[in-house]
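Novice: Protein chains in written order, with full-length UniProt numbering: chain A, 1 to 380; chain B, 1 to 475.
Quick caveat, the hints were computed from the structure, so don't treat them as lab data. One or more of the hints may lead you astray.
Subject to a maximum C-alpha distance of 20 Å in a straight line, what follows is the list of computed SDA-like cross-link-like pairs (lysine to any residue) [what the hints assert, rightly or not]: (1) B:Lys379 x A:Phe369; (2) A:Lys334 x B:Gln35; (3) B:Lys138 x A:Phe369; (4) B:Lys289 x B:Val372; (5) B:Lys138 x A:His373.
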Amino acid sequence: MTRVERAAPRRGGKRSGPPEPEFVQLLTPEGERVSHPDYSVDFTDDELRGLYRDLVTVRKLDAEATALQRQGELGIWASLLGQEAAQVGSGRALRTQDMAFPTYREHGVLYCRNIDPIMPLGLFRGVDQGGWDPVANRFNTYTIVIGAQTLHATGYAMGVAKDGKVGDDDETSEAVIAYFGDGATSQGDVNESFIFSSVYNAPIVFFCQNNQYAISEPLERQTRIPLYQRAAGFGFPGIRVDGNDVLATYAVTRAALDNARHGQGPTLIEAYTYRMGAHTTSDDPTRYRVASEVEAWQAKDPIVRMRLLLEKQGLADEAFFKAVDEQARVEAVKLRERVLSMPDPDPVTMFDHVYPNGSPLVDKQRAEFETYHASFEGSH
Amino acid sequence: MAINQFPLPDLGEGLTEGEILKWLVAEGDVIELNQPIVEVETAKAAVEIPAKWAGKVVKIYVPEGTVVEVGSPIISIDTGRDAGPVGDDMSQGAAAQAEKAAGEATGGLIGETTASGRTAVLVGYGPRVTAAKRRARKGDEAPAAPAPAAPAPVAAAPVAPPAPAKPASAPAAPAAPAPAGQNGHAVLAKPPVRMLARNLGVDLSTVAGTGPQGSITRDDVQSAVSAPAAAPAQRVAMAPGQRETRIPIKGVRKLTAANMVASAFTAPHVTEFLTVDVTRSMKALDRLKADREWRDVRVSPLLLVAKAVLLAAKRHPMVNSSWDEAAQEIVVKDYVNLGIAAATERGLIVPNIADAGSLSLRELADAMTDLVQTAKSGKTPPSAMSGGTFTITNVGVFGVDTGTPILPPGEAAILAFGAVRETPWAHKGKVKLRQVTTLGLSFDHRIIDGELGSKFLRDIGAFLTDPEATLLAWT
Numbered sequence: 001m002t003r004v005e006r007a008a009p010r011r012g013g014k015r016s017g018p019p020e021p022e023f024v025q026l027l028t029p030e031g032e033r034v035s036h037p038d039y040s041v042d043f044t045d046d047e048l049r050g051l052y053r054d055l056v057t058v059r060k061l062d063a064e065a066t067a068l069q070r071q072g073e074l075g076i077w078a079s080l081l082g083q084e085a086a087q088v089g090s091g092r093a094l095r096t097q098d099m100a101f102p103t104y105r106e107h108g109v110l111y112c113r114n115i116d117p118i119m120p121l122g123l124f125r126g127v128d129q130g131g132w133d134p135v136a137n138r139f140n141t142y143t144i145v146i147g148a149q150t151l152h153a154t155g156y157a158m159g160v161a162k163d164g165k166v167g168d169d170d171e172t173s174e175a176v177i178a179y180f181g182d183g184a185t186s187q188g189d190v191n192e193s194f195i196f197s198s199v200y201n202a203p204i205v206f207f208c209q210n211n212q213y214a215i216s217e218p219l220e221r222q223t224r225i226p227l228y229q230r231a232a233g234f235g236f237p238g239i240r241v242d243g244n245d246v247l248a249t250y251a252v253t254r255a256a257l258d259n260a261r262h263g264q265g266p267t268l269i270e271a272y273t274y275r276m277g278a279h280t281t282s283d284d285p286t287r288y289r290v291a292s293e294v295e296a297w298q299a300k301d302p303i304v305r306m307r308l309l310l311e312k313q314g315l316a317d318e319a320f321f322k323a324v325d326e327q328a329r330v331e332a333v334k335l336r337e338r339v340l341s342m343p344d345p346d347p348v349t350m351f352d353h354v355y356p357n358g359s360p361l362v363d364k365q366r367a368e369f370e371t372y373h374a375s376f377e378g379s380h
Numbered sequence: 001m002a003i004n005q006f007p008l009p010d011l012g013e014g015l016t017e018g019e020i021l022k023w024l025v026a027e028g029d030v031i032e033l034n035q036p037i038v039e040v041e042t043a044k045a046a047v048e049i050p051a052k053w054a055g056k057v058v059k060i061y062v063p064e065g066t067v068v069e070v071g072s073p074i075i076s077i078d079t080g081r082d083a084g085p086v087g088d089d090m091s092q093g094a095a096a097q098a099e100k101a102a103g104e105a106t107g108g109l110i111g112e113t114t115a116s117g118r119t120a121v122l123v124g125y126g127p128r129v130t131a132a133k134r135r136a137r138k139g140d141e142a143p144a145a146p147a148p149a150a151p152a153p154v155a156a157a158p159v160a161p162p163a164p165a166k167p168a169s170a171p172a173a174p175a176a177p178a179p180a181g182q183n184g185h186a187v188l189a190k191p192p193v194r195m196l197a198r199n200l201g202v203d204l205s206t207v208a209g210t211g212p213q214g215s216i217t218r219d220d221v222q223s224a225v226s227a228p229a230a231a232p233a234q235r236v237a238m239a240p241g242q243r244e245t246r247i248p249i250k251g252v253r254k255l256t257a258a259n260m261v262a263s264a265f266t267a268p269h270v271t272e273f274l275t276v277d278v279t280r281s282m283k284a285l286d287r288l289k290a291d292r293e294w295r296d297v298r299v300s301p302l303l304l305v306a307k308a309v310l311l312a313a314k315r316h317p318m319v320n321s322s323w324d325e326a327a328q329e330i331v332v333k334d335y336v337n338l339g340i341a342a343a344t345e346r347g348l349i350v351p352n353i354a355d356a357g358s359l360s361l362r363e364l365a366d367a368m369t370d371l372v373q374t375a376k377s378g379k380t381p382p383s384a385m386s387g388g389t390f391t392i393t394n395v396g397v398f399g400v401d402t403g404t405p406i407l408p409p410g411e412a413a414i415l416a417f418g419a420v421r422e423t424p425w426a427h428k429g430k431v432k433l434r435q436v437t438t439l440g441l442s443f444d445h446r447i448i449d450g451e452l453g454s455k456f457l458r459d460i461g462a463f464l465t466d467p468e469a470t471l472l473a474w475t
């Protein structure tokens with residue numbers, strides 16, 4: 001009997017590459033400001049410098065965390081390298097009252113929410129569950145399960161609408177943003193949340209960072225059409241933005257959030273970007289993508305183009321760039337020292353936050369566990 | 001002065017060991033925080049490890065090429081100040097640690113598995129060495145007694161009694177492994193193995209077991225017979241005789257050997273040869289090189305051979321297939337992942353070009369250049385070495401005429417491409433000096449009959465004899 005297999009995906013054949021996708025762009029990789037008929041930003045010089053500072057700091061802290069994993073101080077780390085603009089742009093576009101639902105890679109958004117960057121490191125060091133207050137910080141805990149947070153976000157957004165917090169006042173009306181990746185779009189959860197949010201006109205922005213790979217699976221195995229076009233089938237607008245352009249990402253996200261808070265319903269944003277590093281530190285990207293592709297994306301680096309802009313417009317000099325680098329370095333060293341001094345938790349504390357008000361079953365398990373631990377030599 | 005030792009961390013999730021590929025620093029070097037110090041290869045990836053401290057490299061404990069268990073110190077750095085949290089390790093002397101790193105047998109820890117081979121851990125959590133963090137239970141004589149209430153994360157790794165020593169895996173192992181049977185425990189061996197030992201005259205108490213729970217396997221007995229009488233069977237790296245070098249079988253060599261044995265004794269090989277005049281191909285190559293658009297492209301005769309194979313495979317799809325013994329099916333592939341055998345410093349590797357049949361000649365040339373450069377730099381990822389469907393081995397680069405190649409496992413045919421030589425050759429009724437080469441095609445006779453193999457080889461030859469005409473005729 002003979003069986004004919006389907007053609008394997010082409011690995012070597014992408015050299016010439018597909019045509020550049022159409023997306024909203026306000027800042028080219030060469031640092032040129034370009035205009036767009038529907039989107040614009042109006043930043044002060046200080047704000048532009050601030051965005052640059054954010055990008056550099058976020059990348060530096062991320063690199064430090066990667067190093068800490070390689071040194072055995074973190075169990076695992078999901079690096080955001082290459083996606084800084086998508087995260088800082090969208091993170092800064094959030095208004096104070098907005099609520100964000102991250103994956104496990106949104107360290108840049110977390111930074112923009114003014115959450116101590118040590119928080120996720122405790123999670124990945126295995127000494128706590130993340131530790132920040134999702135309500136106070138308007139930033140949910142990291143969700144490891146792929147796509148699950150889109151349902152949480154949709155439910156939350158439906159609640160926002162029911163609470164009557166949707167309206168015309170930009171300073172008080174609320175919107176919700178759900179982060180996920182290209183791989184998550186293949187999950188049932190994400191499609192269900194699209195349906196619910198569409199039908200209930202929920203005040204939510206679906207922010208998809210399309211970094212081209214679902215771990216090792218390339219985008220062409222996730223979809224036959226550009227991801228942002230999926231939204232049309234669910235009945236709400238979708239838009240693709242240059243995810244390596246912090247200005248465009250900010251403009252598109254701010255507009256989508258404001259639409260949501262004004263009661264105009266959901267938007268899907270596809271931030272077209274690239275994960276320059278591994279999926280996580282447990283992964284070897286050289287096994288599934290070619291060096292020439294990575295190099296092509298290196299030329300679109302989000303930080304380089306921002307720096308070029310600042311230089312061209314005379315908004316910053318060498319001293320400024322040096323100072324930013326130095327400040328980021330100092331923050332990274334501080335972060336490292338704090339990670340190294342994180343104490344191992346008492347094993348019993350893992351029972352502490354299972355239920356907000358405790359549970360007889362968990363209490364019983366805790367007691368058994370304590371007895372078990374006390375049975376070792378040297379324990380009290 | 002504060003010397004910090006850096007133990008090899010778990011670089012993935014649940015990895016137990018890594019191989020030191022390359023040191024990027026030397027003893028005495030002054031290094032910065034996060035400066036890359038060493039390349040380590042694990043079952044998952046080859047990665048650079050950044051320095052955990054700034055300071056001066058005091059000692060490198062582990063030479064390149066050594067497989068190190070997670071938790072063993074690999075380097076010490078003088079930071080000139082107090083150590084960080086890992087400074088706990090400092091209570092033990094550096095020398096003792098070094099010996100441990102150099103391959104001292106580590107056995108007897110609770111929960112440690114003593115299987116001789118490494119556990120394949122590609123995804124998720126595998127068994128891991130827990131070092132000395134496990135605490136002894138109160139009132140237990142034998143620390144090895146399994147704790148009934150203890151969570152057992154890995155069902156496949158039974159809690160072992162104090163196990164016999166693991167074979168030393170690095171040179172300069174000072175202590176001989178303690179043979180089973182001398183540690184107060186009964187010799188573990190299955191009845192057929194005992195019988196084999198008796199027939200061969202092997203005293204089981206002198207054999208170190210490598211099986212589960214330190215049991216003695218058939219292989220252990222066999223190698224005890226073939227080993228020099230006095231030396232324990234497992235001392236791979238000890239210098240055994242004069243004017244002999246013992247090279248541990250591992251890495252690429254081990255893989256190559258396993259593949260060759262698996263293939264040679266599974267697929268009945270047939271090899272056919274064809275000597276062809278490739279003068280026109282060589283001229284075509286020259287024209288290609290002269291083309292402006294091809295100016296920066298590396299073109300070699302191998303490129304045309306690859307093209308010939310791809311075209312001929314399209315005409316004879318059955319040669320691009322594999323034998324699925326389990327399913328009792330022949331799997332015919334309509335894509336060609338074209339393997340190119342490459343000799344590298346680390347041994348023979350066969351990376352392949354995925355779906356090479358769909359590439360233009362230019363793309364094929366680029367892909368081949370890429371592949372060779374990656375292979376030479378030793379950075380070929382494992383994924384590029386699996387899934388090949390047809391392989392070319394270019395023995396001609398070594399100046400030989402042909403060979404009888406052995407099939408890579410799972411492939412039905414392989415082509416050897418010999419040296420191209422100026423040879424007196426009958427050409428248009430006269431004897432002329434022509435560029436001639438010999439092709440050797442081995443194929444799996446279970447799948448490919450002589451007729452098909454011959455036609456396929458003939459087509460490759462036809463293309464190389466007259467590429468332009470065959471292109472017109474075939475495509």
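Novice: So, for every hint listed, does it hold in this structure?
Specialist: Results of checking the hints against the structure:
no. : hint                : result
1   : B:Lys379 x A:Phe369 : violated (47 Å)
2   : A:Lys334 x B:Gln35  : holds (18 Å)
3   : B:Lys138 x A:Phe369 : holds (16 Å)
4   : B:Lys289 x B:Val372 : holds (19 Å)
5   : B:Lys138 x A:His373 : holds (10 Å)
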